[in-house]
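Peer 1: Chain residues, written in single-letter form:
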Amino acid sequence: MTGNDLVCVVDDDEMVRLSVGLLIETLGVQVRSYASCLQLIDDEASLKLAGCLVLDVRMPGIGGLEMQERLEMLRVDAPIVFISGHGDVPMVVRAMRAGALDFLQKPFDEQLLLDRVQQAIAISARRRRERVKRATIEARLATLTPRERDVLEGIVAGRQNKMIAEDLGISMKTVEQHRARIMEKMHAASLAELVRHVTELQRGD
Amino acid sequence: MHFVSDFASDLDYRAVFDAAPDPTLLLSADGLVCDANASALALYGYRRDEVRGLAAAHLLGDDIRRVDLIAEIPIALATATHRRRDGSTFLAETTVTRIRRPGLPALALALVRETGEQRCTLDRLREAEERWRFALEGAGDGVWDWNLETNEFYQSPRWREMLGYDGDSPDLLWNRLIHPDDKQYVFGNLDAYLRGETPLYQSEFRLRCADGGYKWFAARGKLLSRDASGKPLRMLGTHRDITESRRMMEDLRASEQRWQFALEGHGDGLWDWDLVSGRLVLSPQFKQILGYGPNDLEAGFAWDELAHPDERARTRALFDGYLAGAGPLLAAETRMRCKDGSYRWVALRGKIMEFGSLNRPARMIGTLRDIDDIKQREGRERNEQGQLAHAGRLITLGEMASALAHELNQPLTAIRNFSALGLRRLGDCPPEGVKATLEIIAEQAMRAGEIVRRVRSFVRKGELSFAPVQLNDVVTDMCRFAELDALAAGVQVVRELQPDLPPVDGDRSSLDQLVMNLIKNGIEAMASIVAERRLTIATALRQDESIECRVSDRGSGVSDKVRASLFAPFVTTKVDGVGLGLAICRTIVENHGGRLWVEANPGGGACFRFVVPIARKGQHDRE
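Residue numbers (the working numbering), protein chains in the order written: chain A, 689 to 893; chain B, 667 to 1289.
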């Protein structure tokens, strides 16, 4: 937990909103409250920063479940914890399938909510770290010349220098030079690390 | 006269004169009595010296003044009234004969013969005849006396008057005045009577009047005499002018026909019930409605045979009530037996047309209308309405609990959260009792939440049964139910349904209730607007495998302030509203995994929209 973590709470009932917000603040995180999903969507900056979203299912305007769909399109990292006075089984199933972290029936055990919020923050922190990492690798990949990319593809495909040289119609020595440049540009300490970075990136796509 | 000279003297002449047994008077040419014989003096009651010089008319009647007393031919005067000296009268005939005397003025000899008893009888007869003729003519009938042998036809003045002929028109023969079309019929009647086949000659026919037009007459007549061979000689009878009554009859018949035509043209059957004899006459249409042929139900049956056993007593009571004066018109709806044994609903209406002795109803006439289709439809609709209302009550109870549960959960959540927060803020060394108290509050909030949940799941399990439902069917049915409300409110309901929608997974009763609530809501929203009142209900398939339904009205719309709490229970903008309708609607939609919200209608007013997911395989595996 860091003081920079942000939790967004949406509930149309002011007292619920306030109490949930105050509870979550005891975790030492920042809380922003909204009376409707539309208000939250308008606050794009907070959405990007948030580590957890606590949404009521039933609200005027857009409900929690629909919000979930929109957030997916907005590529928001923060996991969602639904709170509802009205959750029936299909509603819960739908929310969980769409990737909700949990679905809590009102009134709920506040400790359970706080646990889920913490988990969500951890998950979103990890996602964020991963995203930063991917972004770094992508940035490094972007510095490679077209020829270096060709060589990298051969390396990742597990081909030896000699074969790569034949494939590309260049000398072994040139391949070795490219390889050294690639290791340098990609900040890879070993061949294994280089391959892992690139394959993780590919899997992420 | 030469024999007078044969008398030796006047004395001789007087002796003869006096001896004559018949009353005889000697008159001068200017009509004065010169002498009277003893018989005449006795008859008239005068002495000889008194009678001389009197005007003959004084004794013999005025007729004597008009004759030439000394004409060549003897004159016979008809019976006249003669007067005695004491003023009494008698009837007598007089014969006047001229007596010529050479060198002297001619005299006349008047021979008087009393007509006596015989004449009196004739007089009485004539008087009697006058009386009956008077009686008949007084009653307006014309009298005729027809000699069939000579074809002489005597008519009374009244007879002539009826036909417009004046007293002098000659040769009025009734059988020449008959309308050509009536001749055959009338002479047929007459011949039948003359042959003795009918006791009385009776006929109705038209006679030509003086002005060339025809009038209707009713004739009655009787034969007075036949000759020895039985040939009819003389007939006496009356003619009565029936033109007016016939016209009235025809008017009546025409109006009755019109009336009957009007009723039967409308498809109504007619009935005519003689309450005295119990005879019931039914029109062909009546029989046809119940499937009977024209020859069925002809005679000897009663209402009870047609009435449904269950309705018999009630219908009879209605008739009895009406006949006892309960109302201006009999009106009954009842079932009647058809020819095939089935029963049809009919409406009977009737009225007393005639009253009999003691002013008791004697005849009723009425109509019968086939209302079977109407009744059946009414029954169906009542049944459906009943079911809907019943379902509505159940749903309302369940959904109310559901809606309330949600609203209760909000404050319970707040209670739970704030008490938990309190506990946390107390830190590690809380004051005695405060921690425990807050813990109890937190626990009780959870307990209350659990009760609410249990109520909801109990209510829902009992009532909802999910199955594939065509939302368009729901909309169509509910529009039909709301038709009357819409009509009463002057609202036009327009459906814009996308055809061939896939079914949604839903509870039909709940969805009925949902759509009905939204329709009624829309109708009520337009109650006070002046502009066109149109409610549009549209359905459409959305890309995310759900079906959307829009109910748009053109009312005053929903303000932002109201919209925030529009769906909350017990919030209402209506004066007499409870504020549950939309809360229930939302609960229903959410029970179907859908969403209900409201937007402003682009054309003014509010647009309620809900989406529910379409049915998917395996969706029924819940709970």
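Since the hints were made in silico from the structure, they are not lab data. Glycine residues also receive a C-beta, built at the ideal position from the N, C-alpha and C atoms. Errors might be hidden in some of the hints.
Computed from the model, here is a short list of chain B residues facing chain A with C-beta under 10 Å [claimed, not checked]: (1) 761; (2) 1067; (3) 1071; (4) 1078; (5) 1080; (6) 1081; (7) 1087; (8) 1090; (9) 1091; (10) 1114; (11) 1118; (12) 1252.
Peer 1: The structure should be examined with respect to each hint, and the outcome stated for every one.
Peer 2: A quick look at each hint next to the structure:
1. 761: violated, 142 Å
2. 1067: violated, 12 Å
3. 1071: Where the cut-off is 10 Å and the nearest Cβ of chain A is about 7 Å from residue 1071 of chain B, the hint holds.
4. 1078: With a closest approach of 4 Å, the residue 1078 of chain B hint holds.
5. 1080: holds, 4 Å
6. 1081: holds, 7 Å
7. 1087: holds, 5 Å
8. 1090: Holds: closest Cβ of chain A sits about 5 Å from residue 1090 of chain B, inside 10 Å.
9. 1091: Holds. Min distance 8 Å.
10. 1114: The hint holds - residue 1114 of chain B has a Cβ within 10 Å of chain A, the shortest such distance being about 8 Å.
11. 1118: holds, 8 Å
12. 1252: holds, 8 Å
Going through the hint list in order, the structure does not satisfy hints 1, 2.
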